[in-house]
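Start from chain A and add chain B according to the hints.
Here the protein sequences line up with chains A and B, keeping their order.
The UniProt record's numbering puts the first residue of the first sequence at 1, with every later residue one more than the last.
The UniProt record's numbering puts the first residue of the second sequence at 1, with every later residue one more than the last.
It is possible that part of the hints are untrue.
Which residues of chain B face chain A? A few of them, derived with a C-beta cut under 8 Å, are [said to hold, decoys possible]:
| no. | residue |
| --- | --- |
| 1 | LEU11 |
| 2 | SER69 |
| 3 | ILE120 |
| 4 | VAL123 |
| 5 | THR124 |
| 6 | GLY127 |
| 7 | LEU129 |
| 8 | VAL130 |
| 9 | TRP144 |
| 10 | VAL148 |
| 11 | ILE151 |
| 12 | ILE185 |
| 13 | PHE200 |
Among chain A residues calculated to face chain B with C-beta under 7 Å, some are [stated by the list, open to error]:
| no. | residue |
| --- | --- |
| 14 | LEU59 |
| 15 | LYS61 |
| 16 | ARG103 |
| 17 | ILE164 |
| 18 | ALA168 |
| 19 | ALA170 |
| 20 | LEU174 |
| 21 | LEU177 |
| 22 | LEU178 |
| 23 | VAL223 |
| 24 | LEU226 |
| 25 | LEU227 |
| 26 | PRO229 |
FYI, nobody ran anything at the bench for these hints, they're computed from the structure.
Beta carbons: idealized from backbone N, C-alpha and C, even for Gly.
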Amino acid sequence: MSTPPRPRPIGLVAATVALLRKDLLIEWRTRARLNAIIFFALATLLMFSFALGPDTKLLEKNAGGYYWLAILFASVLSLGESFRVEAENACLDGVRLAPADARAIFLSKALGNTLLLTALGALIFPVMVALFGVRIATSAGDWALILLLGCLALSAPGTVYAAISSNARARDVLLPLLLFPLVIPALLSAAKATTLVLQGDPMNQLSSWLGLLGGFNLIYWGVGFLLFPRIIED
Amino acid sequence: MNKFVKFGLPLLALGLLGAGWWLGLAWAPPDREMGDVQRIMYVHVPLQWMAMVMMLVNFIAAVTYLLKSQASWALDSTAEAAAEVGLLLGTAGMITGAIWGRPTWGVYWSWDPRLTSEAIMLVTYAGYLVLRRFVEDPDKRATWSAVVAIIGAINLPIVWFSVRWWRSLHQVQSSPKTVDPQMVIPLRVAAFGMLALTLFFLIIRYRQALAERRAEVALPDALPGDPSSPLAHNPSKVA
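Just chain A, same shape as in the assembly (with noise of 0.2 Å):
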């Protein structure tokens, strides 16, 4: 009798899109998360309209910050998410005994959290805009980018430490205790560079700042994707 043959190791990609959409999968089944965020953004816009008084100026000429903290504030929320889904019935123990490569799970958790981030960020722009009268100056196109490039930064560190996080104790301080300090150069950035786009941009200095965010996620993505494996190993 022959033995039957080993299944073959799945490739990176095909392993990566597989889990992507396996998380997609059970988030669209509930829309858990996504509501959570929204409504946790858009709590912590109308906070900031409370906390700083119904001076319309002050909002309009901070919008940017106050939008990516919105933004930072429900990714903490969304990040811790996506590893508890793993931690319920010891799925990430299932997922990791499949053969495939153990950076498809940080590729395809990071790739959801950045998509999530991404429509959270879409879907309360219209909100910030009529909360705090702001309009968009140069080109959406450049928003588009300001977001994408902005949740990539926020999900590529995020990931790694939500993982870190999820496994130990007191969990919920100790995700934005490291995150925070980590993502200042993004999130500062992505504020200037969103304030650029609504304000106008006469000295182009938008382009410095999507280079920082780009260096920024160069060096976060590959670190990530490096040292993920040692994160998950047993």
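Relative to chain A, chain B alone:
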């Protein structure tokens, strides 16, 4: 060796620091523009140099730990000790910087790139140390904190080069060629004194960390609160 670490190093540190600071306070000339206020440099600059050295030691220990196939408790303990000593020195350096900033810049704190990146660095390493306290499994703790240390170390070159890249309030590193030798000598003596003190702290803290780690690894079941330990699920075993 043990005697040298216990008595020789602290004595050497005190001697060199005393000499360096005495030279800086009494022998070196006051700065042309800042006057006597500048003399805090002989304390502030060695503190920050040694903080950077400790963060670098932490980074190297973390990378080496991850490259090894077998868990090395010595490397993990080195990383922990270096991060703690570095955080202590960096905080002291920041406080002395603020004391100097008030008379010179008119403010204790300015949002200048060097200060901001240094503050981010300190918060990052505080997070690193907090993470270590929240993970019970020594293997996981060592691996995860090594990953966090490597990610956090990306900030170190930004801190160091921030004064060159952005050229704002904080002055650029001086070179011995442009500084009065009467200022260079006290600074060097104080820096070697600070190095001896730092090494003393590092070795003492390293030995404690290593002893802790060995105790943990020897008696994994005796640790309370670890959800993966069989005792957590079966309290009758304790009784």
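- prompt: Against chain B, is VAL223/A within 7 Å by beta-carbon distance?
  reply: Result: holds, 6 Å to nearest chain B Cβ.
Supplied contact hint for LEU11/B, tested at 8 Å Cβ to chain A: violated (38 Å)
LYS61/A as chain B interface residue, shortest Cβ-Cβ below 7 Å: LYS61/A check fails; min Cβ-Cβ to chain B is 17 Å, beyond 7 Å.
task: Double-check ALA168/A for me: the hint is only fine if its C-beta lies closer than 7 Å to a C-beta in chain B.
output: holds (5 Å)
- request: Please verify that hint: ALA170/A, Cβ, nearest Cβ of chain B, below 7 Å or not.
  value: holds (5 Å)
- prompt: Is the shortest C-beta separation between LEU129/B and chain A less than 8 Å?
  reply: violated (10 Å)
task: Report holds or violated for the interface hint on ILE164/A, using the least CB-CB distance to chain B and a cut-off of 7 Å.
output: ILE164/A check passes; min Cβ-Cβ to chain B is 5 Å, inside 7 Å.
query: With a cut-off of 7 Å, does the beta carbon of LEU227/A approach a beta carbon of chain B closely enough for the hint to hold?
result: holds (5 Å)
task: Using 8 Å as the Cβ threshold, decide whether PHE200/B counts as touching chain A.
output: violated (29 Å)
message: Tell me if the interface restraint on GLY127/B is satisfied: Cβ within less than 8 Å of some Cβ in chain A.
response: holds (5 Å)
Hint check: 8 Å Cβ-Cβ cutoff, TRP144/B to chain A: Holds: closest Cβ of chain A sits about 5 Å from TRP144/B, inside 8 Å.
- prompt: Against chain A, is ILE185/B within 8 Å by beta-carbon distance?
  reply: violated (37 Å)
The structure is inconsistent with the numbered hints 1, 2, 7, 12, 13, 14, 15, 16, 24, 26, although it conforms to all the rest.
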